[in-house]
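The residues making up each chain are set out below.
There are 2 protein chains.
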Amino acid sequence: MKGFVVWITGLPGSGKRALARALAQQLQQRGRQVEVIDSGALRDTPLASSLGFSREERVQNCLRHAFAAKLLANNGVVAIVSAVSPYRETRDTIRSQVGAFAEVAVTTPKETCIDRDTRGVWAAALRGEIRNFTGVDDPYEAPLSPEFAIDLSHLDEHSAARALTAELSRLELLTGATAPGLDNDPLARELEDAGFMS
Amino acid sequence: MKGFVVWITGLPGSGKRALARALAQQLQQRGRQVEVIDSGALRDTPLASSLGFSREERVQNCLRHAFAAKLLANNGVVAIVSAVSPYRETRDTIRSQVGAFAEVAVTTPKETCIDRDTRGVWAAALRGEIRNFTGVDDPYEAPLSPEFAIDLSHLDEHSAARALTAELSRLELLTGATAPGLDNDPLARELEDAGFMS
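Protein chains in written order, with this note's numbering: chain S, 4 to 201; chain Z, 4 to 201.
To be clear, the hints were calculated from the coordinates, so they are not data collected in a lab. Watch out, some of these pointers could steer you wrong.
No copy labels: a pair is met if it fits in one copy or bridges any two.
[Claimed, not checked] List of simulated lysine to any residue pairs, SDA-like, C-alpha gap at most 25 Å:
#1 K5 with E60
#2 K5 with L54
#3 K113 with A21
#4 K5 with E38
#5 K5 with T48
#6 K5 with R24
#7 K5 with Q36
Turn these sequences into a full structure, and let the hints steer you where they fit.
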């Protein structure tokens, strides 16, 4: 089966991670090999531990997620990335690199995210205790034409994941029949070039 | 089938990459999903592009390779890492993190690597034009008890890969029956913890 990448973007606290996990569960039940790449969790790993929250570092962070996700997708895995990934240009770059890619916009409004704020991060950011916080003092650029958009204000993540699974089917990503772009791509060729040191 | 990580370490120019590719070919012929993570090639990707060749950066580089390899192995893929990976402590850390892990020492002597020097990097390092070069002004700490050790001075990579494949079979990594450590590990648990920003 062909792998692909589901890239879930949205404001902090919008429900991305819950959706990612619910989707993973449903795709696993369909017999797919699935990996969730959760941006928050990755912050403590070698993949991202040295990165801060400047624009450049956020872009770099997203590109590393994408690199790992693409490696997985190239090996038949469905890689579900859950990441604020606030910048449109970066997401578009990743789309072009990955090929078999579905961008999912979690559109839960900012006010709802602030109201929920289960971790108190919005409150801290609004008090100025956290800087470069997306939605407060760092911009969030919503997708213009995502494959799927969903507001998780009133919808539970399992229903949302069912709708998303249906859309992935419709896009023929789940059939493995038409997943584009993974066989002949520039990144794979780039990886053929080699240096000597490590 | 259970994935695992084959970690190929050795001096620059010792033949790691050729062995990695030959092994990948043979395992693919056995129906395995295989990914080669070639350290030299990764230097131009988001995974490693910001890293130099200080001790700390080399360690970080290896840990990132290991992170990607483990992600793949957790999803049933055989991840073959080809990296100088000069420091014993780092390789041992990675071994303990990965679980299903085979360390392969390419023991081609330094003199042979210098004689071959197909890319001229040894000559440049010996002239002092490349700094922090493993084997010249940066140490190489050979494995003390690798799963497999091979000198590629006089043996071609395909014969070496056949011998290595036999050893992986003997270690029961290829059967998928006893690959240890991938189900209940600290890193997986660590990834369960989540933050909010990305």
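Which hint numbers doesn't this structure obey?
-> Structure breaks hints 1, 2.
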